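Participant: Sequence:
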Amino acid sequence: MNQEIVSVDLGSNSFRVLKYDCKNHQIISEYNEVVGMADGLVDTGLISKEAQERVVRAILHSVEVINYDPSKAVCVTTAAMRKASNNKEVLKYFKDKTNIEFEIIDGFEEARLTLLAVQYALKREKIDSKKFILLDIGGGSTEIIVNTNNSYEAHSFDFGIVTMTQKYLKYHDLHNDLDSRKKQIQEFLSSLKIDLNDYSFVATAGTPTTIAAIKLGQDFFSYDRNIVNGSIVNLEDLEYSLNIFKNSSKEEIAKLVGRGRVEFIEVGIFIYKAIFEVLNKKESIVLDDGLREGVAINYCLNKCKN
Numbered sequence: 004m005n006q007e008i009v010s011v012d013l014g015s016n017s018f019r020v021l022k023y024d025c026k027n028h029q030i031i032s033e034y035n036e037v038v039g040m041a042d043g044l045v046d047t048g049l050i051s052k053e054a055q056e057r058v059v060r061a062i063l064h065s066v067e068v069i070n071y072d073p074s075k076a077v078c079v080t081t082a083a084m085r086k087a088s089n090n091k092e093v094l095k096y097f098k099d100k101t102n103i104e105f106e107i108i109d110g111f112e113e114a115r116l117t118l119l120a121v122q123y124a125l126k127r128e129k130i131d132s133k134k135f136i137l138l139d140i141g142g143g144s145t146e147i148i149v150n151t152n153n154s155y156e157a158h159s160f161d162f163g164i165v166t167m168t169q170k171y172l173k174y175h176d177l178h179n180d181l182d183s184r185k186k187q188i189q190e191f192l193s194s195l196k197i198d199l200n201d202y203s204f205v206a207t208a209g210t211p212t213t214i215a216a217i218k219l220g221q222d223f224f225s226y227d228r229n230i231v232n233g234s235i236v237n238l239e240d241l242e243y244s245l246n247i248f249k250n251s252s253k254e255e256i257a258k259l260v261g262r263g264r265v266e267f268i269e270v271g272i273f274i275y276k277a278i279f280e281v282l283n284k285k286e287s288i289v290l291d292d293g294l295r296e297g298v299a300i301n302y303c304l305n306k307c308k309n
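Numbers in my numbering are just positions in the sequence shown, counted from 1, shifted up by 3.
Calculated from the structure, these hints are not laboratory results.
Treat the hints with caution; some may be incorrect.
Claimed, not checked - Straight line, CA to CA, 27 Å or less: simulated DSSO-like cross-link-like pairs of lysine-lysine:
(1) Lys258 with Lys218
(2) Lys22 with Lys100
(3) Lys185 with Lys218
(4) Lys284 with Lys126
(5) Lys133 with Lys26
(6) Lys284 with Lys218
(7) Lys134 with Lys218
(8) Lys185 with Lys196
(9) Lys170 with Lys258
(10) Lys185 with Lys285
(11) Lys133 with Lys185
(12) Lys170 with Lys253
(13) Lys75 with Lys100
(14) Lys249 with Lys285
Unchecked claim - Label pairs and their in silico Cβ distance ranges:
(15) Lys100 with Ser193: 43 to 49 Å
(16) Gly43 with Ile235: 33 to 39 Å
(17) Asn179 with Glu266: 18 to 24 Å
Fair warning: this is a prediction, and the values are worked out from it, not measured in the lab.
No residue lacks a Cβ here, since even glycine has one placed at the ideal position from N, Cα and C.
Starting from the given sequences, assemble the full structure and let the hints guide the process.
Facilitator: So this is what it looks like as structure tokens:
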């Protein structure tokens, strides 16, 4: 029985591939690329032809780099594809061009799989994983998951770094919208009737890992997930990063965060900061593990059952 699985996560901005060892629950190799799939989606409701071509090129390049059979990979796609009115044609185009078949998953399945990855990651990092609130800031949606021992409650909120950046070009509008989003999140948390003080704050995805990397003296080219995993980010780190971005050129910011993410990183930090405020937390644990790891682990666990 083959112990290796390749999982693919096609998000609103990022394309992420993982080759995973099911037997030892270890990452063999990975591939990441910014594809900007949600570019223009807010205005048109469509995945543009240019974005489709970027995804096709990224898939073909990842096959070369990681050496996998795309027809056998377990592939999911999320908020941007959920929203796009041309999603069926787009997925057929990807299949015709690359032999890769994506499943559009809803926000709750996205949350479940991301939580699975984070539970494994917390155990690996030897961090208490009984009670925590998980934030996953995506390009087109933001998931908040409250994990209490062996049960969880999740909510997928209809905003992310790409869609919010495209929708609000003026900070005034952005912050007004964030205030209303904070109220929605507060309502969700209040409905659970939990004491937030009992829960640690865990964050995954590009914005938290970027802030952690900057704090640790890394940039996009020297990024090391093993050092970032389990690190702590606090509100001062967010302010420090915002100051760097405000006083840096686009080229300097690209070196820190990678091309294709420069225009979104500030909005990502504002979203991250808003969640800090809602939770009334001073710090969060940062993990690189997310949806693609969860897809791989989920496949491995199901394979073991059969």
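Participant: Quick check: does the Cβ-Cβ distance between glycine 43 and isoleucine 235 fall within 33 to 39 Å?
Facilitator: For glycine 43 and isoleucine 235 the Cβ distance comes to about 37 Å; the hint holds.
Participant: Is lysine 133 close enough to lysine 26, meaning Cα to Cα at most 27 Å?
Facilitator: Holds - the C-alpha atoms of lysine 26 and lysine 133 are around 25 Å apart, at most 27 Å.
Participant: Sort out whether lysine 285 lies within 27 Å of lysine 185, counting only the CA atoms.
Facilitator: Cα-Cα ~17 Å, so holds.
Participant: Is lysine 22 within 27 Å of lysine 100, Cα to Cα?
Facilitator: Holds - the C-alpha atoms of lysine 100 and lysine 22 are around 21 Å apart, at most 27 Å.
Participant: Would the hint linking lysine 185 and lysine 196 be met if the CA-CA limit is 27 Å?
Facilitator: The given pair, whose Cα atoms are some 17 Å apart, holds under the 27 Å limit.
Participant: Does lysine 100 sit within 27 Å of lysine 75, going by the straight-line distance between their CA atoms?
Facilitator: holds (15 Å)
Participant: For lysine 284 and lysine 218, compute the direct alpha-carbon distance and say whether it is at most 27 Å.
Facilitator: holds (18 Å)
Participant: Check the hint pairing lysine 134 with lysine 218 against an upper bound of 27 Å on the C-alpha distance.
Facilitator: holds (26 Å)
Participant: Does lysine 218 sit within 27 Å of lysine 258, going by the straight-line distance between their CA atoms?
Facilitator: At roughly 15 Å apart (the allowed maximum being 27 Å), lysine 218 and lysine 258 satisfy the hint.
Participant: Take the C-beta atom of lysine 100 and the C-beta atom of serine 193, compute their distance, and say whether it sits inside 43 to 49 Å.
Facilitator: holds (47 Å)
Participant: Between asparagine 179 and glutamate 266, does the C-beta distance stay in 18 to 24 Å?
Facilitator: holds (20 Å)
Participant: For the pair supplied as a hint, lysine 249 and lysine 285, is the alpha-carbon distance within the 27 Å limit?
Facilitator: Answer holds: lysine 249 to lysine 285 is near 23 Å, not above 27 Å.
Checked against the numbered hints given earlier, the structure satisfies every one of them.
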